[in-house]
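Participant: Protein chains in written order, with the numbering used here: chain A, 96 to 499; chain B, 825 to 1443.
Source of the hints: derived by calculation from the structure; they are not laboratory data.
Quick reminder that beta carbons are idealized off the backbone N, C-alpha and C, glycines included.
Take the hints with a grain of salt, since some may be wrong.
Some chain B residues close to chain A (C-beta under 7 Å, calculated; not the full set) [said to hold, decoys possible]: (1) Arg860; (2) Leu864; (3) Tyr869; (4) Arg875; (5) Ala876.
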Amino acid sequence: MKKIDWLFMTSLFALIAIGIALVYSATSNTDLIWYRTEWFKQIVHFSIGILLAVVIVFLPARLWKNIAYFSYTLAIIALLFVMDSGHISKGAGRWLDIAGFRFQPSEFAKIAYLLASSLWLSKHRVSILYPKTLIVPGFMFIVPFLLVLKQPNLSTALVFTAMTLVQFYWAGFRFVDLFLFISPVVSVILSATSALYWNILIICVFFVSIKFKFPIWLIVLVMMLDVGGGFVSKMMWNSIEDHQRSRILTFLDPMRDPKGEGYQVIQSQVAIGSGGIFGKGFGEGSQTNLAFLPEKHTDFIFSVLGEQFGFFGVFIVLILFCILFLRGIMICRLHTDSFVNLVVSGACTILFFHTLVNVAMTIGFMPVTGLPLPFLSYGGSFVITCMILIGLLINMRLKGGNIY
Amino acid sequence: MLSNSQHPEDIRLETNLKTLVFAFVCVISFALLLVRFLQLQYFEYDNNLKRAEENRTRKVNIKANRGYILDRNGVVLVRNRPSYQISLLYNSLKSKADKDSVFNRLLRITNQDGKRLLDSAALAFSFERGRWQKFRYQRLIEDASQEIVALFEERAEELPGIEILIESRRDYPFGEYGAHIFGYTGEISEQELELPENSHYVMGDRIGKKGLEFSYEKEFRGVNGFRYVEVNAMGREMGPVEGMPFVKAISGNTIVTTIDWKLQEIAEQAIPEGLKGAVVALNPQNGEIYVMVSRPPLDPNIFSLEKKELHKAWASVALDTAKPLTNRAISGAYAPGSVFKIITAAAGLEDNVITEHTKYKSCMGGYKFGNRYAKCHRASGHGMLNVIGALRESCNVFFYQAGLDIGNRRIGEMGRNFGLGATLGVDLPNERAGQLIDSAAYEKLFERRGWKWSHGEVLNIAIGQGALLVTPLQQTAMMGALAWGKGLYRPHFLKEIRSPEGDLIKEIPARKISEGRLSERTRELVLKGMYEAVNAPGGTARRAIVQGIKVGGKTGSTENPHGDKTHAWFAAVAPLDAPEIAVGVILENAGGGGAMAAPVAQRILHAYFYPDTLKQVVK
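Bound conformation, chain A alone (with noise of 0.2 Å):
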């Protein structure tokens, strides 16, 4: 039985401390009585969120195993079921309502995901060599990504893809394996906007594979997916019409829109550049309170950050987050069994990329996703999600050495 780390321990309930009250902080010019507002539900979550983490880490680690499968069946069926009768109030069909509770299939599929393909790829080695082992684990990737992208909620497929690659690193492939597997997504990106960058990219994929000795028959089929890749989405990005490029561009680059889609990130720069080292203080801020951010307490909740407490709160946070995801990763080491290794990559890959996304966001470095922040943007189905985690990998660093 390992102890218990406390590093650990304490930057979670810190960055759970700084949610709460920032989300106090962003929502507080409603006129609510104190349990309808959304400060008081966070905390209500959170209850909600750590118990649930509490019963986690005391189940026996092998159960993971035995409802691995099962409960990605599960979420499979609960994301065709959104399909059709999900909750149109949100926009898009990401709801299912079950028995007065509203949550997110999709964040149910996260944890079942990991759980599912951890226990495969712990079973069966994968390499690119040998195209049969990448069927089954390939087949698990693609049915939720899928069922996630037709929602349509990119942000979430996006979260399952970096989660795979994390897993397939750590079951055998090579960085140079995953680069030669991800080149025709590559290549259908770049063909679109840069021939330069896209040649480039090319000629790198021809001289690596030859470089580390790929056969023959790989370095065909790669070079073919590449090339024919990038032609099918150069003569598909030609024949779209050019209102639909520039939502694309736009999405790619909200800064091209300034009034639409960039304002958010214009405002949210605005804001976080306006609070300088130290910030302008709790609950002050005019750029949160008066201006604009419509999701500064969901989606933009850095933002309030980076305004009220500055450099000095933003290199705080970022450090707590820091803290949280190498102590998780380095659970890997204290454990040699790969089904606890690949839950506790997979889990730190899921928390990781959804802070990394979220907060490039704010300051105009990646695309306005939806992506939520761990532990600090305000919504329920989300703290739950990432509190079963947080479960998980203390369950891992605790029970994870006699799992059978």
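Fit chain B to the known structure of chain A by using the hints.
Facilitator: What follows is chain B alone, placed relative to chain A:
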């Protein structure tokens, strides 16, 4: 490469490497983010601060307009008016000097009479609240008049942070008329905010509290929108920002009611001044309510008033012993009185307990039952009558004896058949069910008083007294359904739901709630009695005659503990061959039904059948 026979130490080394890579990626990407933050918050700090301070763009919520209420012919019965709120936005007051000067200037503002508009304690409280909620509007004067708005507009330059916000409030152009139907709106209460179906509301929103405003809140509400506006340095709106998202508010739907406003006005005017009571008129063929009046009247405009005024007005109506807030037409439960005799008669005829030839002991002005002497309303007596004559002249003695033969069970069944003893499901809140009970329920109800059901109780029931209660709406609907003969329809106000542009969204079909089964023979006899009560010599309701129209009706005068005079009841239906309208009138402590209530019904019926001569009637 696919072999699983790796040495454990190799696996450990490999895992260590992978975790290091992960940690490396994590640290590097966060470091890159920090560089960007440093750029924004340190190197571009001045520029960003300037941009934040010069940010003139604000998101402003647009409240949706509440839907209108129309009568069946399109007369606008309830609409909206603008209401001005003088408000303070504390954040616009930058320095302490600013705050003090605005505070003092506000205190000095007076109206024409030289009276201060703002109380210094209340103003200090608003400023104190503002300190905590810098970015919220603190309301200083609610629903300000045009003159007050002008006063503040003149001084706009010297009063930074003071803004005039425009809200929409309900306006009831006909004042007291129809007030009990429409109900009123008010600021949403904390209890209402708690309800899950009210999650769209925020504190300060107005919500329907009573009447149709309450029943069709969902239709009236509409959907709020928002837009971005540019504001000047004083915080005043300068206009919309081009190119920014602008989501229009969607106005609430219009409710077309079944009310016939001309008839409603006639009814409102027909009730003698100072009397309490209710009037209902409806179409028995489908349950559409034409008229509903409740007295004492209520001015719904008081609920749109400023809070201080509202409290005063509210106290005066809420503490009034005459209960003007109650809609007596649906929430007032009265003994049905002699009107109920048509139910007794129908129950007896339907089961052949009595026929048109049945005659009882002659009426000598009273009836001796055991050691009790039950009086008839005419002390000199009616002589010997059959059922038609007894209905015409409302002879109690006939119905005492018939009631003993028929029994309480049959009478109760007939009453339930026509909607008595249960709510009818009218689309207004607080409808009462009345009371129509059997012997067991009677004993349970009066258990604490120790009353036991006795056979003699049926004497009271048969003439509509005793343990019976009906609402005026039930009485009217019962009358109508009995005459129509093709079922009892749910009385309702909602005719159509229309979009703000006037497009039809939904039409409300008639809904039968009871079959109202009655043999042709029974109906014929009862209707004959009702016809004679109005039209034949000796009838009790001769003041309800309408030239050329076959009107049937039944009066009632119920004794009650509230005053010397009886409650005056009258229920009528016309034309008897194919009933189009049923009218029910009750006037509390007004005297006899035939003398007091029948003329009110007559005016409504006359106006209904002769709309062209309306003006003369009003005079």
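Participant: Does each hint fit the structure? Answer for all of them.
Facilitator: Quick rundown of the hints versus the structure:
no.: 1; hint: Arg860; verdict: holds (5 Å)
no.: 2; hint: Leu864; verdict: holds (4 Å)
no.: 3; hint: Tyr869; verdict: holds (5 Å)
no.: 4; hint: Arg875; verdict: holds (5 Å)
no.: 5; hint: Ala876; verdict: holds (4 Å)
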